[in-house]
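Chemist: Let the sequences and hints guide you as you build the complete structure.
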Amino acid sequence: MKRVYVNEDVCLGCHLCEYECAFSTVKDRDDTGKINNMFKAFNRDVSPKSKIRIEELNGDNPEEKINFAVSCRHCETPYCVMGCITGALSQGEDGVIRINHDKCIGCRTCIVMCPYGCLVINNDKTMLKCELCTEHNETPACVKACPNRAIVYEERE
Amino acid sequence: MGKHTKYLIIGNSAAGIGAVEGIRIADPLGQILVISDEDYHTYSRPLISYWLEGKVADENIYYRDPDYYSSQDVQVKLGDKVLELNPSDKSVTLDTGEEIRFDKCLLATGSHPFVPPIKGKDTAKNATTFTKMEDALKADEIIKECELEGRKPKVIILGAGLIGLKACEAIYDQADEITILDLADRVMPSVFNKNASEVMEEFIKSKGINLLLQTSIDEILDKQVRLTNGETLDYDLLFLAVGTRPAVELAEGAGIETDRGIVVDPYQQTSEANIYAAGDCTLSFDISSQSVKNIAILPNAYIQGKYAGLNMAGQDVQTEELFPLNSMGFLGLHLITAGCYDGESIIVDDDGVYKEFFVKDNKLIGYIIIGTCERSGIYTHLIRKQTDLSEVDFDSLILEPTLSSFGKQDRFNKLSRPH
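One line per chain: the protein sequences are R and V, in this order.
FYI, my numbering numbers position 90 of the first sequence as 90, with every residue one higher than the one before it.
FYI, my numbering numbers position 146 of the second sequence as 146, with every residue one higher than the one before it.
Honestly, the hints are just simulated from the structure, not real lab data.
It is possible that part of the hints are untrue.
Claimed, not checked - With a straight-line cut-off of 27 Å between C-alpha atoms, the simulated DSS-like cross-links for lysine-lysine are:
1. V/Lys408 x R/Lys2
2. R/Lys129 x V/Lys414
3. R/Lys144 x V/Lys293
4. V/Lys55 x V/Lys138
5. R/Lys65 x R/Lys144
6. V/Lys207 x V/Lys223
7. V/Lys207 x V/Lys152
8. V/Lys138 x R/Lys65
9. R/Lys49 x V/Lys55
10. V/Lys223 x V/Lys205
11. V/Lys207 x V/Lys194
12. V/Lys144 x R/Lys144
13. V/Lys205 x R/Lys125
14. V/Lys385 x R/Lys129
15. V/Lys3 x R/Lys129
16. R/Lys27 x R/Lys125
17. V/Lys55 x V/Lys207
18. R/Lys125 x R/Lys49
19. V/Lys207 x R/Lys2
20. V/Lys293 x V/Lys132
21. V/Lys119 x V/Lys138
22. V/Lys360 x V/Lys414
23. V/Lys132 x R/Lys125
24. R/Lys49 x R/Lys144
25. V/Lys414 x R/Lys65
26. V/Lys121 x V/Lys138
27. R/Lys49 x R/Lys34
28. V/Lys194 x V/Lys414
29. V/Lys55 x R/Lys129
30. R/Lys27 x R/Lys129
31. R/Lys27 x R/Lys40
32. V/Lys121 x V/Lys144
33. R/Lys49 x V/Lys414
34. V/Lys55 x R/Lys125
35. R/Lys2 x R/Lys144
36. V/Lys55 x V/Lys152
37. V/Lys125 x V/Lys194
38. V/Lys121 x V/Lys90
39. V/Lys207 x R/Lys125
Modeler: Laid out in structure tokens, this is it:
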């Protein structure tokens, strides 16, 4: 399956992926996939959360500074799905791991199970995760937004 | 001759469902029959406390979608109890008298609530254990009866472990007064170490809950208990939440090896060929303490079930690494525990979040976190893979779980390769 893969050597740490990810689940869009009403989508009090996060590693000098993006790996052995006590997390036949927000109770067992730290606690205390948001676009919003191909969406062996 | 099925699964909870999903990976067509003495569509046992609290709606207590059995092409017999398992002729006998033959059988029989031999327990009014849907329904009925009388119930909970505390959380807003009793000298002794128990005890008391440790019930009277300290307490609702014991009677009756849990090999097979076991009824090898024990938690039940299913369907795969692990919310406080608490202890008190790590032979073997900690699965994976801590920047990891504390090649493997 196609997944989001990271190239930390070229990540600028610009956080554009996080920004785009936060809005990736907004459904009210025009034919080109553009959000119709950004005022409505952006709520200053409870700002939407990103499912991808930039990590920063500061070395002893500026050249050693490293950034990279982390989002769900959609593992073949999905510890989060196996550990989910409610059945809210599931892996589709396409390999994508999705979450049913009506079923999630925010017990955080998935946080304890995930080897990569990819679950995010949403404003309502249920879990958020990358679902590859390919329903609006062929490419996930984070990858589309990346100016330097530090994340790519492709098949790898 | 009775009915025949290729796969027979006894138990309809996490381990049984894990087995269905394991079998279907390897054998999309083989006939599967699931038998359970509970007459419910598969539901999540840990959710009964959330249901009683009113946080989970009736339709969301189910572990899988309503059309699950038909979509997986699984036959079910719900409400029928298996009385006897006969390994030699690969058959079971049900309480209906029906006999069913199988090629492969999974024991996913779970556990029974353990109630200590207290005088009056069998005739106790308004008393319930708290492990099944029926228990939650009974508690709910008692709460509603009190409501009809225009009052909130007085509640006594015997057992300050996970089950007792989840019962406490469930009825916290619905109860007039709550008293938790435990014979042990601290709360959650099987999940916490002493430090974490103390934090929890303070929190329980700060919520106005009566906590009586080193105290149990001598006798249950008419909606009243006499405590071991001689005092008597009235109650409207009594939870008997001391703990659970693996349900091994079916295995024992069949001559399968048990030792306070069904003994299984790394492929989830029991001492009998063609008979497998998974979940709370089994013993597992705990990689964190390097010992064999009963680890009664849902994630392990599903994992064991899934691998049992794969092996029943002819694959040859060992179960994932297993160890205890809990994530628990209690009245807004979050607690995470994993592994065991031997070895050197490293305590990090970070901005109100309490973290304690346990290191042995330069490997992380356990941790406890009280308070919010995102990404703690990064710690869990160190236990799971028994990573040598010289390969990571452990000093920065214990402050914050990040992948930047791993080496570059490690990060590449994690983030730039499929797995």
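Chemist: Hint by hint, note whether the structure agrees.
Modeler: Outcome of the hint check:
1. Taking the CA atoms of V/Lys408 and R/Lys2, the gap is near 23 Å; set against the 27 Å cutoff, the hint holds.
2. Under the criterion of a C-alpha separation no larger than 27 Å, the hint pairing R/Lys129 with V/Lys414 is consistent with the structure, at around 17 Å.
3. Pair hint R/Lys144 plus V/Lys293 does not hold up; C-alpha atoms about 49 Å apart against a cutoff of 27 Å.
4. At roughly 17 Å between alpha-carbon atoms, V/Lys55 and V/Lys138 fall within 27 Å of each other, so this suggested pair holds.
5. A distance of roughly 24 Å separates the Cα atoms of R/Lys65 and R/Lys144; the hinted pair therefore holds under the 27 Å criterion.
6. In summary, the hint linking V/Lys207 to V/Lys223 is supported, as the alpha carbons are separated by about 25 Å, within the 27 Å threshold.
7. Proximity of V/Lys207 to V/Lys152 is assessed by CA-CA distance (about 17 Å); at most 27 Å being required, the pair is judged to hold.
8. Note on V/Lys138 and R/Lys65: the hinted pairing is violated, with a Cα-Cα distance of about 59 Å set against a maximum of 27 Å.
9. Among the hinted pairs, R/Lys49 with V/Lys55 is consistent with the structure: their alpha-carbon atoms are about 23 Å apart, no more than 27 Å.
10. For the suggested pair V/Lys223 and V/Lys205, the alpha carbons sit about 24 Å apart, so the restraint of at most 27 Å is met.
11. In summary, the hint linking V/Lys207 to V/Lys194 is supported, as the alpha carbons are separated by about 20 Å, within the 27 Å threshold.
12. Distance restraint check for V/Lys144 and R/Lys144: the Cα-Cα separation of roughly 54 Å exceeds the 27 Å cut-off, and the hinted pair is therefore not satisfied.
13. Taking the CA atoms of V/Lys205 and R/Lys125, the gap is about 25 Å. The hint holds against a cut of 27 Å.
14. Straight-line distance between C-alpha atoms of V/Lys385 and R/Lys129 comes to about 24 Å, which keeps the hinted pair within the 27 Å bound.
15. Annotation: proposed proximity of V/Lys3 to R/Lys129 is violated, straight-line Cα distance about 45 Å (limit 27 Å).
16. For a cut-off of 27 Å, the pair hint linking R/Lys27 to R/Lys125 stands: about 21 Å separates their Cα positions.
17. Annotation: proposed proximity of V/Lys55 to V/Lys207 holds, straight-line Cα distance about 19 Å (limit 27 Å).
18. The straight-line distance between the Cα atoms of R/Lys125 and R/Lys49 is roughly 12 Å, inside the 27 Å bound, and the hint therefore holds.
19. Annotation: proposed proximity of V/Lys207 to R/Lys2 is violated, straight-line Cα distance about 49 Å (limit 27 Å).
20. Of the pairs offered as hints, the one joining V/Lys293 and V/Lys132 holds, with about 23 Å between alpha carbons and a cut-off of 27 Å not exceeded.
21. A threshold of 27 Å between alpha carbons decides the hint, and for V/Lys119 with V/Lys138 the separation of about 22 Å falls inside it, so the pair holds.
22. Between the alpha carbons of V/Lys360 and V/Lys414 the distance comes to roughly 25 Å, so the proposed pair stays at or under 27 Å and holds.
23. Restraint check: the Cα-Cα separation between V/Lys132 and R/Lys125 comes to about 26 Å, which is no more than 27 Å; the hinted pair holds.
24. For the hint pairing R/Lys49 with R/Lys144, the CA-to-CA distance comes to about 18 Å; that is within 27 Å, so the pair holds.
25. Between V/Lys414 and R/Lys65, the direct Cα distance comes to roughly 19 Å. Compliance with the 27 Å bound is thereby established for this hinted pair.
26. A C-alpha spacing of about 16 Å is found between V/Lys121 and V/Lys138, which places the hinted pair at or below 27 Å, so the restraint holds.
27. A C-alpha spacing of about 19 Å is found between R/Lys49 and R/Lys34, which places the hinted pair at or below 27 Å, so the restraint holds.
28. The hinted pair formed by V/Lys194 and V/Lys414 fails the criterion: a straight-line CA distance of about 35 Å is larger than 27 Å.
29. Restraint check for V/Lys55 and R/Lys129: the C-alpha separation of about 22 Å stays at or below 27 Å, so the hint holds.
30. In summary, the hint linking R/Lys27 to R/Lys129 is supported, as the alpha carbons are separated by about 17 Å, within the 27 Å threshold.
31. The straight-line distance between the Cα atoms of R/Lys27 and R/Lys40 is roughly 11 Å, inside the 27 Å bound, and the hint therefore holds.
32. Pair hint V/Lys121 plus V/Lys144 holds up; C-alpha atoms about 23 Å apart against a cutoff of 27 Å.
33. The straight-line distance between the Cα atoms of R/Lys49 and V/Lys414 is roughly 23 Å, inside the 27 Å bound, and the hint therefore holds.
34. Only pairs whose Cα atoms come within 27 Å are accepted, and V/Lys55 paired with R/Lys125 is accepted, the gap being roughly 13 Å.
35. Restraint check: the Cα-Cα separation between R/Lys2 and R/Lys144 comes to about 14 Å, which is no more than 27 Å; the hinted pair holds.
36. The suggested pairing of V/Lys55 with V/Lys152 holds, with an alpha-carbon distance near 19 Å, which does not exceed 27 Å.
37. With a CA separation close to 35 Å, the supplied pair V/Lys125 and V/Lys194 exceeds the 27 Å bound.
38. A C-alpha spacing of about 38 Å is found between V/Lys121 and V/Lys90, which places the hinted pair above 27 Å, so the restraint is violated.
39. Taking the CA atoms of V/Lys207 and R/Lys125, the gap is near 21 Å; set against the 27 Å cutoff, the hint holds.
Hints 3, 8, 12, 15, 19, 28, 37 and 38 from the earlier list are contradicted by this structure; the remaining hints agree with it.
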